[in-house]
Amino acid sequence: MIEFTLWDIVRNLLLATRWTVLLSLAAFVGGAAVGMAVLFLRISKNTWSRRLASGYIALFQGTPLLMQLFLMFFGLPMLGLRIEPWTAAVLGLTFFASAYLAEIWRSGVAALPLGQWDAGASLGLHYLQELRLIILPQAFSITRAPTVGFLVQLIKSTALTSIIGFEELVRTSNAINNATFEPFKVYGLVALIFFAMCFPLTQYARRLEKRVPMR
Amino acid sequence: MAFGWLPGAVGDIAHGAATTILLIAVTTLAGTLLSILGAAGRRNGPVLLRRAIAWYVEVMRNTPFLVQLFFIFFGLPSLGIRLDPILAAMLAMTLNMAAYTIEIVGAGLDAVPHGQTEAALALGLRLRQVFVKIVLPQALKIIYPALTSQIVIMMLESAVVSQIAVRELTYEADMLQARTFRSFETYFVVTLVYLLMSMALRRLLVAGGRRALGAGVS
Chain A
0 MIEFTLWDIV
10 RNLLLATRWT
20 VLLSLAAFVG
30 GAAVGMAVLF
40 LRISKNTWSR
50 RLASGYIALF
60 QGTPLLMQLF
70 LMFFGLPMLG
80 LRIEPWTAAV
90 LGLTFFASAY
100 LAEIWRSGVA
110 ALPLGQWDAG
120 ASLGLHYLQE
130 LRLIILPQAF
140 SITRAPTVGF
150 LVQLIKSTAL
160 TSIIGFEELV
170 RTSNAINNAT
180 FEPFKVYGLV
190 ALIFFAMCFP
200 LTQYARRLEK
210 RVPMR
Chain B
0 MAFGWLPGAV
10 GDIAHGAATT
20 ILLIAVTTLA
30 GTLLSILGAA
40 GRRNGPVLLR
50 RAIAWYVEVM
60 RNTPFLVQLF
70 FIFFGLPSLG
80 IRLDPILAAM
90 LAMTLNMAAY
100 TIEIVGAGLD
110 AVPHGQTEAA
120 LALGLRLRQV
130 FVKIVLPQAL
140 KIIYPALTSQ
150 IVIMMLESAV
160 VSQIAVRELT
170 YEADMLQART
180 FRSFETYFVV
190 TLVYLLMSMA
200 LRRLLVAGGR
210 RALGAGVS
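Taken in order, these protein sequences are the chains called A and B. Note that numbering that gives the first Met the number 0 has the first sequence beginning at 0, numbered continuously upward. Note that numbering that gives the first Met the number 0 has the second sequence beginning at 0, numbered continuously upward.
By construction, these hints were calculated from the structure, which means they are not laboratory data. Heads up, the beta-carbon is just placed ideally off N, CA and C, and yes, glycines get one too. Some clues are possibly wrong.
As the list claims (entries may be wrong) - Partial chain B-side listing against chain A, Cβ under 7 Å, derived:
1) V66
2) L155
3) T179
4) F180
5) F183
6) Y193
Claimed, not checked - Non-contacting residues of chain B with respect to chain A, defined by C-beta distances greater than 12 Å in every case (computed):
7) T31
8) A39
9) R49
10) G114
11) F130
12) R201
13) R210
Construct the complete structure from the given sequences, taking the supplied hints into account.
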């Protein structure tokens, strides 16, 4: 039987943490891109686009992320795509993130006084110019705290991709636990690693929250 | 896509859904109670207790629910605490939800004007009566919409407890797809069930809140 020292366990967990970090970043970037598209639909002047985007957001906020991941993992092969856990994990978390980010940013757009739109129009700006130059920069800046808060949620959500077989921190810890039979130590360390990643971001979000100028 | 297996699976799906509802009902009651105690303790308790609650909130909010669940179910037996899967799931869900609702309830307590406490004390009510009869109902009314969202989020999160073999909705889906080899269709149907349950739960909570706490709730 192989003996595992504490350092062996920690080292393997830290190596697996790379994948958790990478997955979080990929999903956040992808989610921001898709979320922007959803945001445009959500605030467009066309009633049907708005309904479509609301439905999209309600769908992702009203079902468990685990189910979304399963549907990705088992659904894409039915469309003839060869899929690995990594692809299913990135795509699943991307769509999940896009719905939440679009909703967060929409609340930022809704919080702006209508006068901002009027002012843009009176300067002769086109709809897209108004969004790009006036509305979105302000909407992003007042929603920075919830956006960072969501990033924390996203990092924690990557744990679920272990269930569809993606080799990140939690899946690795399951394997280590099966070899060492020390669940208390192993899962304690995993919790500690997640805490070390999330706590600074939580504190940062809290600082941002305090800094938001009150109108 | 083939749904020929569906009629034979309705019983299993209903059974799983019932367990999910049981989980969320217990979690809602226990979690709300715990968070009222926690929020009160964080404001009025001794310094050590306040600090402990603050740390508890931070630790739970900054670690994944799945890891908390594994820690409780697999980790605690090495301390001699061995729990049934369903009890471990209820405990993990309650502890997780309380970490979020302690903050929510606390915000509600802070939002009740201090004059309410002073007026109640002037009427000769004891401190505990003031809290239970005057401050708490007003606080709950203020935070009810946020509490509702948190309960719905917790129900969606409960899908994870299938991983420690609690026979709830997701677990039944796992069993079904292993039997029918129709993975996508099975999870598709179960996802719809979750969607309906989360919409119904939200409706139910809003209606219940309106009746119990007075009109004007969300």
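Legend entry - Evaluation of the interface hint that places B/Y193 against chain A, nearest CB under 7 Å: holds, 5 Å
Legend entry - Hint check, B/V66 versus chain A [nearest Cβ-Cβ separation less than 7 Å]: holds, 5 Å
Legend entry - Minimum Cβ distance from B/F130 to chain A greater than 12 Å, as the annotation requires: Correct as stated: the minimum Cβ-Cβ distance to chain A is 27 Å, above 12 Å.
Inset, instruction - With a cut-off of 7 Å on the beta carbons, see whether B/T179 makes it to chain A. - result: violated, 12 Å
Legend entry - Assertion that B/A39 lies farther than 12 Å from chain A (Cβ): Check passes; 22 Å lies beyond 12 Å.
Inset, instruction - Against chain A, does B/R210 hold up as non-interface, every C-beta pair farther apart than 12 Å? - result: B/R210 is indeed farther than 12 Å from all Cβ atoms of chain A, at 24 Å.
Legend entry - Non-interface label on B/R201, tested against every C-beta of chain A at 12 Å: violated, 9 Å
Inset, instruction - Grab the minimum beta-carbon distance between B/R49 and chain A and tell me whether it stays above 12 Å. - result: At about 18 Å from chain A, B/R49 clears the 12 Å cut-off, so the statement holds.
Legend entry - Non-interface claim for B/G114 versus chain A (Cβ beyond 12 Å): At about 24 Å from chain A, B/G114 clears the 12 Å cut-off, so the statement holds.
Inset, instruction - Mind checking the CB of B/F183 against every CB in chain A and telling me if the closest is under 7 Å? - result: Holds, about 4 Å.
Legend entry - Hint check: 7 Å Cβ-Cβ cutoff, B/F180 to chain A: violated, 11 Å
Legend entry - B/L155 as an interface hint toward chain A, with CB separation required under 7 Å: At about 4 Å, which falls below the 7 Å cut-off, the nearest Cβ of chain A leaves the hint on B/L155 intact, so it holds.
When each numbered hint is compared with the structure, violations occur for hints 3, 4, 12.
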